[in-house]
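*Asks:* One-letter residues, chain by chain:
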Amino acid sequence: MIRHLPFLLALWKANLISAMEYRVSFLTQMVGMMLNNAFYFVFWIIFFDRFEQVQGWNLLDMFFLFGVVATGFGAGTYLFGNALRLSSLIAEGQLDYYLSLPRPVLLHALASRSNASSAGDFTYGLLSFAAAAVYSDSFSGLMLLRFLLASLAAVAVLISFLVLVQSLTFWIGNAPMLTQNAFNAIITFSLYPITLFDGTAKLLLFTLVPAAFIGALPAEFVRQFDLGQLAQICGGSAIFLSLAVFVFHRGLRRYESGNAIQVRT
Amino acid sequence: MPAVSVRNLRKTFQTKRKAAGLRGALAALFRPAFQTLDAVRGISFDMEEGELLGFIGPNGAGKSTTIKILTGILHPTSGEASVLGRVPWRQRQELAFQIGSVFGQRPQLWYHLPAIDTFYLFGKIYELDEADLRRRIALLAEAFEIEQLLETPVRKLSLGQRMRCEVAASLLHKPRILLLDEPSIGLDVVAKQRLRATIQRMNEIEGVGVLLTSHDAGDIEALCKRVIIINDGEIVYRDKVSTLRRRYLTVKHVDVRYNEQLSPDFSLPGVEMLKVGRFGAKMRFDARVTPVEPVIGALAAAGGLADVTVSEPTLEEVIGAIYARAEAENE
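Heads up: the sequence lines are chains A and B, in that order. Numbering-wise (my numbering), the first sequence opens with residue 1 and increments by one. Numbering-wise (my numbering), the second sequence opens with residue 266 and increments by one.
What the hints contain is simulated information worked out from the structure, not anything from laboratory work. Glycine residues also receive a C-beta, built at the ideal position from the N, C-alpha and C atoms. Incorrect hints may appear among the rest.
Heads up, simulated DSSO-like pairs for lysine-lysine below, C-alpha to C-alpha not over 30 angstroms straight-line [stated by the list, open to error]:
{"#": "1", "chain 1": "B", "residue 1": "K490", "chain 2": "B", "residue 2": "K505"}
{"#": "2", "chain 1": "B", "residue 1": "K505", "chain 2": "B", "residue 2": "K540"}
{"#": "3", "chain 1": "A", "residue 1": "K13", "chain 2": "B", "residue 2": "K439"}
{"#": "4", "chain 1": "B", "residue 1": "K540", "chain 2": "B", "residue 2": "K517"}
{"#": "5", "chain 1": "A", "residue 1": "K13", "chain 2": "B", "residue 2": "K540"}
{"#": "6", "chain 1": "B", "residue 1": "K517", "chain 2": "B", "residue 2": "K505"}
{"#": "7", "chain 1": "B", "residue 1": "K421", "chain 2": "B", "residue 2": "K439"}
{"#": "8", "chain 1": "A", "residue 1": "K13", "chain 2": "B", "residue 2": "K421"}
Simulated coverage check for chain A against chain B, where a stretch passes if three residues somewhere in it have a Cβ under 8 angstroms from a Cβ of chain B [said to hold, decoys possible]:
{"#": "9", "segment": "16-28"}
{"#": "10", "segment": "196-203"}
{"#": "11", "segment": "243-257"}
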């Protein structure tokens, strides 16, 4: 991975230069997404104004939760923007380009696009974390370190989940609805207090739709250090990452390329 | 040892079959039917290091599939292939450092960025030293006459300009073999000639081997010494281009227009009239039997020429002639 870092940095730089070609569009999308997230959070402010706690979770927990989820989601889909359209790349034969170059296909494909609106999510996440730290009056260097680790884990699990779902395209063909539903499910469930779920639902949030690894678990870890949670976060990320890489490469053997006229943007 | 060696290479695709209309869609939903498509049917060939080898055939013949297998993009269904001693689909990344590829329908330059930005990105992808990369870009920019184009966003380049930048990009890492899949697709005559000349020059200067696929026989005639013709997934011809030219590119088609009316029984000795109109005619002749010069002379003598076009047979006609000759020889 270290060997690929200069290449990844060059790729992200190219994405940024490309986005700068359309500065107004970039800034509009970024600010628009920040406002979108802020409006959504207002709902929780109103909610917790009436009910101070939901099975142990309060508004401060929601600030931490939104901080981790938005930062992880924003960073993940900004740096690996093609994670949102991998299914189309596979179905339309657009992996040819990455396969003809001497870099890992999945990494190259994912990092070859940046999502402008994700920069808004990322900024919003940082602001939300800053607000949570100030509001809780417990900010420290260690908390910042925990936040960094939690956000990285959220990126790893989110991108792995998106890769896993979209790798099904190798077997079942293009399935935009499945991708969209899976994406909506993981984002929606990651933004709810985990204490609302128990039993089978909770199990699903740690396995089939691993929203807990993106939201509640890392958010709780940021708030307070817990060795068990650290192990869960690291273990979960490693498992999902390995699974995604394995399934993608199994599917790649079935890749059928294509002859559609393409443009690299 | 040949630079490229292919033995009994075969690739089949499974495609879904669906009858037309809603009924067909519903039937396919509950009982999907598949058909097997043989894109490449057990082909074998070799290519020497530094060779300019033409690989031609009509659309859907299996050219691109073969190239994609040789670059490691596709896994073959069966058979063997070795490129520079490596099995492409097993040693893809290793091989990619040694070969370059250009797919006419699949640009590698970033659309919104100037080509120079993609060149620097490729420098990182191929792990090139910064100073070496700069020198290499300067050399290629001069060879391909793209110095003035490098800082223009790719979306603003013409197709010919873009294609020259594409081929230059594929040569940045000094590949030993260049796989060009329809590089001249959509280019006008001038742009085609310019591109061909530059590829030939790079072959002479750096000894880079070129495997060129095209559905335009003109590309192969201008560039390659040896040609392989593939049709319907099978090799139907392999020999020197000069032999192909002598045997099959002898029939010339002529379309002539005059400023004055022609007589309805207009004819020329040794020339088959396909269509005679009031102000022009279409005809063909075999240059082995009737030399070109007297035909053009006779056309000029027949009246005031407005326009005259001499063209060679299409690839489909060449393939038809190859089959006809093979059948005649078998009989």
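*Asks:* With reference to the structure, classify each hint as holding or not holding.
*Replies:* Right, here's what the structure says about each hint:
Between B:K490 and B:K505, the direct Cα distance comes to roughly 6 angstroms. Compliance with the 30 angstroms bound is thereby established for this hinted pair. For the suggested pair B:K505 and B:K540, the alpha carbons sit about 34 angstroms apart, so the restraint of at most 30 angstroms is broken. Restraint check for A:K13 and B:K439: satisfied, since their Cα atoms lie roughly 24 angstroms apart, inside the 30 angstroms limit. Between the alpha carbons of B:K540 and B:K517 the distance comes to roughly 15 angstroms, so the proposed pair stays at or under 30 angstroms and holds.
Distance hint between A:K13 and B:K540 is unfulfilled; the C-alpha atoms sit about 61 angstroms from each other, more than 30 angstroms. Between B:K517 and B:K505 the CA atoms are separated by roughly 20 angstroms; this keeps the pair inside 30 angstroms, and the hint holds. Of the supplied pair hints, the one linking B:K421 and B:K439 holds, its CA atoms being roughly 27 angstroms apart against a limit of 30 angstroms. Among the hinted pairs, A:K13 with B:K421 is consistent with the structure: their alpha-carbon atoms are about 21 angstroms apart, no more than 30 angstroms.
Proximity of the segment 16-28 of chain A to chain B, defined as three or more residues with a beta carbon under 8 angstroms from a beta carbon of that chain, is established by the 4 residues found. Residues of the segment 196-203 of chain A with a Cβ under 8 angstroms from some Cβ of chain B number 0, which does not satisfy the need for three, so the listed coverage is violated. Closer than 8 angstroms: that is the beta-carbon criterion, and the segment 243-257 of chain A has 4 residues meeting it against chain B, so the requirement of 3 holds.
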